[in-house]
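Novice: First to last, the protein sequences are chains E and V. Read in order, the letters of the first sequence are residues 1 to 145 in the numbering used here. Read in order, the letters of the second sequence are residues 1 to 111 in the numbering used here.
FYI, nobody ran anything at the bench for these hints, they're computed from the structure. Treat the numbers as computed from the prediction; the structure is a model and nothing was measured. Check before you lean on any hint, since a few could be wrong.
As the list claims (entries may be wrong) - Simulated pairs of lysine-lysine, DSS-like, Cα-Cα distance not exceeding 30 Å:
{"#": "1", "chain 1": "V", "residue 1": "K27", "chain 2": "E", "residue 2": "K59"}
{"#": "2", "chain 1": "V", "residue 1": "K86", "chain 2": "E", "residue 2": "K139"}
{"#": "3", "chain 1": "V", "residue 1": "K75", "chain 2": "E", "residue 2": "K12"}
{"#": "4", "chain 1": "V", "residue 1": "K67", "chain 2": "E", "residue 2": "K99"}
{"#": "5", "chain 1": "V", "residue 1": "K75", "chain 2": "E", "residue 2": "K59"}
{"#": "6", "chain 1": "E", "residue 1": "K127", "chain 2": "V", "residue 2": "K75"}
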Amino acid sequence: MENYMKLEFPSKSQNEAFARIVVAAFAAQADPTLDEISDVKTAVSEAVTNAVIHGYENKSGTIVVSATLQGKRLEVTVIDYGVGIEDLEQARMPLYTSKPELERSGMGFTIMENFMDEIDVISEPGKGTTVKMVKIFGKKEPTET
Amino acid sequence: MDAKFVRVGTTLIVRMVGELDHHAAEKLRTKIDAKLKREGVRDLLFDFQGVQFMDSSGLGMVLGRYKLVSAKGGKVLACGLNQRIKRIFEMAGLQKRITICRSEEDALSGA
């Protein structure tokens with residue numbers, strides 16, 4: 001089975017729920033578990049929220065979310081054409097946030113890394129940010145509490 | 001997201017229903033902060049029983065309230081967390097600052 005989808009919307013916070021629900025609905029055809037679907041929803045929500053708050057700094061811009069499904073492998077890409085990230089390594093550190101005044105927890109990338117199997121971030125200051133994430137469904141969950 | 005506010009003694013209970021993301025957190029924090037300013041409120045209890053989804057924006061909202069409440073000598077509690085929300089709380093180490101209880105009854109009785 002191979003399938004793909006692409007979604008484009010303005011950087012409004014009400015589209016965070018819209019984007020994660022669409023990706024979850026698209027991924028459902030691969031028959032994931034409820035937990036796996038929740039992992040994807042949470043990670044997509046984080047990436048889109050980053051685009052709204054950091055990429056476009058709450059100003060208007062376009063966010064593109066696309067996804068491909070090959071068998072049990074879901075690949076999700078979230079693109080913004082906003083300010084970009086100067087220091088990627090710092091941005092990905094747990095609890096680091098560039099916007100503490102907005103009460104950001106600094107856990108966005110950590111959650112994406114924990115809930116997805118792969119994450120790749122490409123960013124160029126002034127040009128924008130692309131977050132590519134992969135989830136393989138049907139993998140045995142690691143035993144952890 | 002919907003939220004109902006109940007006050008028991010000096011504790012303000014926030015019963016949330018729905019999905020706690022960035023969009024919802026921004027609105028909810030304004031409502032909570034208005035209620036916190038009222039006379040006689042010291043502690044804050046988040047009831048997550050009706051929350052099926054939360055991301056890091058929820059963490060930020062809870063942490064922000066913790067800063068406000070603890071600065072005035074109060075404490076913040078949370079109950080009714082599902083496994084996923086609990087895991088997200090623990091990823092950020094929130095359990096060190098927020099008292100996590102099973103139910104509102106446990107939280108209010110100090111269990």
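Novice: Quickly compare the C-alpha distance for K86(V) and K139(E) to 30 Å and report which way the hint goes.
Specialist: holds, 22 Å
Novice: Does the structure keep K67(V) and K99(E) at a Cα separation of 30 Å or less?
Specialist: With Cα atoms ~16 Å apart, K67(V) and K99(E) stay inside 30 Å; holds.
Novice: Check whether the Cα positions of K75(V) and K12(E) lie no farther apart than 30 Å.
Specialist: violated, 33 Å
Novice: Would the hint linking K27(V) and K59(E) be met if the CA-CA limit is 30 Å?
Specialist: Measuring from Cα to Cα gives roughly 18 Å; hence the hint holds.
Novice: Given the hint that K127(E) pairs with K75(V), test it: the Cα-Cα distance must not exceed 30 Å.
Specialist: Violated, because 43 Å separates the two Cα atoms, which is more than 30 Å.
Novice: Measure nothing beyond the straight line between the CA atoms of K75(V) and K59(E); if it is 30 Å or shorter, mark the hint as holding.
Specialist: This hinted pair is violated, its Cα atoms lying about 35 Å apart.
In terms of the numbered hints stated before, the structure departs from hints 3, 5 and 6, listed from lowest to highest.
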